[in-house]
Amino acid sequence: MTIEVAGEPVGPPMEPPASLPPGRPFLDEREVAHPDADREVVFHADAGVFPGSFPNAFPVLGTNATPAADPHGDLTRDPAYGLFDPDHTNHTLRLGTVERGTVRTHETLPAHGRPFHLHTNRVLLTHRNGERLDPPIWHDTIGLAGGRPGESATFLVAYEDFTGRTIAHCHQLHHEDLGMTQTVECVDP
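Residue numbers (our numbering): 1 to 189.
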């Protein structure tokens, strides 16, 4: 790409701002009120599950995992358990509520880090590996290291102005495409 600047310079040059606007206000954990407002997302990997060039399974386990094709079979060899199913809604979220989520890695392939991303909503990171952050930090994507034990992150999220279907997923494209994605539906209560 080539950028070509043309024309007379605009004067006077713009000065940097003397102050920045206030940040987004923090959420309060006391706003987490309804019974199913605590959710857990567990990024997992199982080696050698499938034949072919991409043999590893990358399920998302935890709260409302995608059901197994055979709940009584070997889940590490199940072609559906925890993997993305666009017809299955993993999480139904209510507009106007605040929820707490914990995302963690639980690795059998410890070299993999996991960037967690929830579409349409920023998350307020409140804890890392169980340790409270002071102050909490707003995030679009949260990075987690793999390993045993893997890292965890706890966050608050407010569902304010979007209804419809979206996704939560590992932001490594290869892992997302191989199953580390869940369907989220925001509904008006």
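Because the hints were derived from the structure by calculation, they are not lab data.
Worth double-checking, as some hints may not be accurate.
Pair ranges (Cβ atoms, derived) [to be verified]:
| id | residue 1 | residue 2 | range |
| --- | --- | --- | --- |
| 1 | Pro13 | Asp87 | 17 to 27 Å |
| 2 | Gly11 | Gln172 | 18 to 28 Å |
| 3 | Asp38 | Asp140 | 41 to 51 Å |
| 4 | Asp140 | Pro35 | 24 to 34 Å |
| 5 | Asp36 | Gly130 | 44 to 54 Å |
| 6 | Ala33 | Ala6 | 54 to 64 Å |
In this text, a Cβ means the ideal position worked out from N, Cα and C, and glycines have one as well.
### Message
Tell me the numbers of any earlier hints that the structure contravenes, in ascending order.
### Response
1, 2, 3 and 5
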